[in-house]
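K.L.:
Assemble the whole structure, with the sequences as input and the hints as a guide.
If you're matching them up, the sequences are chains R and E in order.
Under this note's numbering, think of the first position of the first sequence as 493, with each following residue one higher.
Under this note's numbering, think of the first position of the second sequence as 18, with each following residue one higher.
One or more hints might be untrue.
Covered stretches of chain R (chain E as the covering partner; in silico rule of three or more C-beta atoms under 8 Å from a C-beta of chain E) [to be verified]: (1) 544-555; (2) 686-695; (3) 740-747; (4) 763-773.
No wet-lab data here; the hints were simulated from the structure.
None of these values were measured; they are calculated from a predicted model.
Heads up, the beta-carbon is just placed ideally off N, CA and C, and yes, glycines get one too.
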Amino acid sequence: MTATAEADLHDRLMALAERQIAVGEVRGVAAADPVNLPMIRHWAAAMGDANPVYTDAEAAAGSAHGEIVAPPAMIQVWTMPGVDRDGRQATTPVDDVLRALDGSGYTGVVATNCEQTYHRYLRLGERPVPATRFAGLSGPKRTALGEGYFVTWNITWYSQDEPVADMLFRVLKFRPRERKTKPEAREPYPLKPAINKDTAFFWEGVGRGELRIQRCADCGELRHPPGPVCPSCRSVERTHVVASGVGEVYSYVVHHNPPVPGRSTPFVVAVVELPEGVRIVGNVVDCPPEEVGIGMQVRVTYRQMDDELILPMWVPQES
Amino acid sequence: MVSLPGSTAVAGIGATEFSKQSGRSELQLAAEAVFAALDDAGLSPSDVDGLVTYTQDTNQEIAVAREVGIGDLTFFSRVHYGGGAACGTVLHAAMAVATGVAETVVCYRAFNERSGRRFGQPDARIGGEPSSQGLEMSWHVPYGLMTPAAWVAMFARRYMHAYGVTSEDFGRVAVAMRRHAATNPAAWFHGRPITLEEHQASKWIVEPLHLLDCCQESDGAVALVVTSAERARDLRRSPALIGAAAQGAGAGQLMMTSYYRDEMTGLPEMGVVGRRLWEQSGLGPADIQTAILYDHFTPFVLTQLEELGFCGRGEARDFVAGGGIEIDGRLPVNPHGGQLGEAYIHGMNGIAEAVRQIRGTSVNQVAGVRNVLVTAGTGVPTSGLILSAE
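P.N.:
Here's what the structure looks like:
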C-alpha cells in the first residue's frame with residue numbers, strides 16, 4: 493500500500509470512529525435466561541468460589557443480601573452471545589469499526605483491557621440488558637504483533653432502567669506480520685559435486701527434471717560419466733539425449749557406518765543400469781533398504797538437497 | 018634395453034612399531050623406518066641417492082633426506098593412486114637402479130592413519146574440486162558414496178550376485194588373516210584370532226561388508242632399500258631379487274569406482290599387473306609359494322586369486338573354504354596377517370613380509386619359498402611384484 497493510500501485509510505477509519513462515537517449508547521438484547529442458580533453454581537464451581545451467599549439460600553438469607561445473589565464478575569456471562577450466534581444479538585456501534593478494520597487488513601485481534609465496575613449485586617430472576625457505546629479509536633501503533641489500532645468501547649448493564657455494572661473493553665486490531673514467503677534458508681548440503689564445462693549439461697538437465705546422457709554428435713555413442721572427447725571417434729562435438737528415466741539396479745550398498753555428512757543412515761546407493769546402455773550411480777529412496785535388490789526396476793526422481801542442489805535419485809518402479 | 022627382472026633386489030627392510038597412536042610426527046616415523054631399513058641392509062644414509070614414496074605421503078623426499086642425513090639425491094619420484102602405489106615404489110626404484118639413474122633407492126611410506134587423518138572417514142571435500150579426480154568423485158560423493166568400504170561394497174555385492182558368494186565366504190578371509198596375525202608379535206592383532214561367528218556378528222559398515230571385512234587403521238612406517246642385485250649380494254642380508262615389477266590400470270578405470278565397465282566382478286587392472294608379472298618373470302601361479310595380496314577389504318582377496326590365475330572365475334570362495342590361503346594351504350596368503358591382522362601401512366608392510374619369506378626369517382615362515390607374489394591396492398590403478406630367492 494502506498495503512503496497516500498495508508499493516509500486515506502487512516503482518515504476514513506477516524507471519520508468512521510467519530511460517527512460511531514456520535515451514535516452514542518445502543519441497547520442490546522436482554523439476557524437469554526434470567527439470573528439463575530444453576531448457572532451461578534457452575535460458574536462458582538469453575539472459579540472455585542465457595543462463598544455460600546451465591547448458592548446456599550439459607551446462608552444467603554442470613555447475609556446482608558437477605559437472599560441469593562449472583563457473583564458480580566458474572567455480569568458478562570448473562571448477556572454473552574452463545575456459540576450459536578443466531579442473530580438475536582443486536583448490532584452495536586463497535587461492529588462497523590471492527591468490520592472496517594478487518595477489511596483493511598487489520599484482521600488480528602487481541603484484548604488488551606477489561607475494566608469492570610459493579611454498582612450492585614444481581615438477584616435471581618433479573619434479566620440484565622447490555623448497552624454499548626463506542627468510545628474511541630487510536631492508531632496506527634507499531635506493536636510486537638504488528639501495526640494496529642486500539643478500539644475502545646463501554647458497556648453498561650441495566651436491570652430495568654437501573655445501571656448495575658459498567659465495563660471498559662479495549663482490543664488491538666492488528667495486521668499480522670506477513671509470513672515469510674520464503675521458507676527458512678536450508679542448511680547447505682555438504683556433498684556438492686564439482687562441475688566443469690564437461691559436466692555442466694548434466695546438472696543443468698537435473699535442474700529441469702531431465703536425466704541427460706552425453707551423446708557424441710558425430711558417431712552417436714552414449715557415454716556416462718561424460719567427458720570432453722568421444723572415446724570411439726575422438727570427436728569433441730557433443731550433445732545429449734534425455735534418458736527415459738527408468739532403470740534396473742545393477743549393484744547396491746546399504747551404508748551404515750561411519751556417519752556421512754548431510755545424510756542419515758542407513759541409506760542405499762545403487763549402480764543403476766539404464767535401458768539406453770549406460771550406468772549411473774544414485775540413491776534408492778522411498779524403499780526400505782531390505783527390499784532393494786539387484787534387478788529391481790526403478791525410475792528416476794529428483795530431490796532438492798538445499799537451495800542450490802538437486803540430485804537425481806531412484807524409486808521403485810511400482811510406486 | 019635394460020632388463021629389469023633379476024637385476025635389482027630388495028636389500029633391506031625396516032619398520033616402526035605398528036600402533037593406533039604413534040605419538041610422533043609422520044616425518045619422524047619415516048626417518049625411523051628408513052634408518053631401520055638401512056641398518057638391516059648394512060648401509061649408511063650417505064649410500065642413498067634416491068627416494069620414492071606415494072603421492073599421498075605427507076613427507077617430502079627432501080624432508081626425509083634432511084632428517085636421515087642423506088646427501089645428494091639423483092632420483093626422487095612419487096607413485097599415485099593410494100595404496101595402489103605400494104609395489105610401484107619398488108618398480109620405480111628398480112628402474113632407476115637398473116638404468117643407472119641411482120645406485121641405492123629407499124622406498125618409504127609413513128603415516129598416522131589412525132591417530133591422524135583416517136582414510137575410512139567421509140571427507141566432504143573429495144568431490145569438491147573440478148580436477149579430473151574431483152569430477153570423477155562427483156558422480157558418487159553427492160549420494161554419500163564416499164568411503165573406501167562403500168566403494169568396495171558395491172563391487173562385492175555384484176560379485177556375490179554373480180557367483181553365489183556369501184558374507185561367510187568373505188569372513189573366511191578375515192578369519193585366516195587374523196589367525197596368521199595371532200602368531201606374529203609385530204601384528205596389532207597378535208594373540209587375537211577371530212571366529213567366523215564373530216565376523217558375522219560384527220556390525221555393518223556398508224552392507225554387504227561387516228566391520229571385520231575391513232582392515233584396521235594404523236600408525237606406522239615401513240621402508241625398503243632397493244639396489245642392484247650385484248651390490249645386494251655383498252650386503253648384510255641375502256637379497257630378495259626383484260623378479261618382476263609392474264604397474265597396471267585397466268580400460269575405463271576410475272579410482273575405486275570403476276562401475277561403468279562391462280563387468281564389476283573382476284579387477285582388470287590387477288589382470289594387467291598379473292600378466293606383466295608372469296611375462297617378466299617367466300613364472301606362473303604354480304611357481305609361487307606364498308602371496309601377499311592386498312587386503313584392505315576381504316572381497317578383493319577373492320577377486321585377486323581369480324584375476325591372478327590362482328583359481329578360476331568364481332572359484333575363489335571354494336579355494337578359501339578349502340584352506341587354500343592358510344599357512345599350510347595351496348597358496349598361503351599374507352602369512353604376517355595382512356592389513357586385516359598385522360597393520361595397515363598402505364601395503365608396504367606386505368612387501369617387507371615378502372622379503373622375510375624369501376630370506377626365510379618370517380615368524381610364520383612358509384616352507385620352501387622361492388618366489389613370492391605381492392600386490393598393491395585394489396580397486397585403484399595398482400602394482401605388483403614377484404620377489405625371488407637367489
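K.L.:
Check whether three or more residues of the region 544-555 of chain R sit with their beta carbon closer than 8 Å to a beta carbon of chain E.
P.N.:
n = 0 at 8 Å, threshold three: violated.
K.L.:
Cut-off 8 Å, C-beta pairs, minimum 3 residues; does the coverage of the region 686-695 of chain R by chain E stand?
P.N.:
It holds, with 5 qualifying residues against the three required.
K.L.:
Three residues minimum, CB to CB under 8 Å: does the region 763-773 of chain R make the cut for coverage by chain E? Let me know.
P.N.:
holds (count 5)
K.L.:
Check, residue by residue, whether the region 740-747 of chain R contains three or more positions whose beta-carbon lies closer than 8 Å to a beta-carbon of chain E, and give the verdict.
P.N.:
holds (count 6)
The structure shown violates just one earlier hint, number 1.
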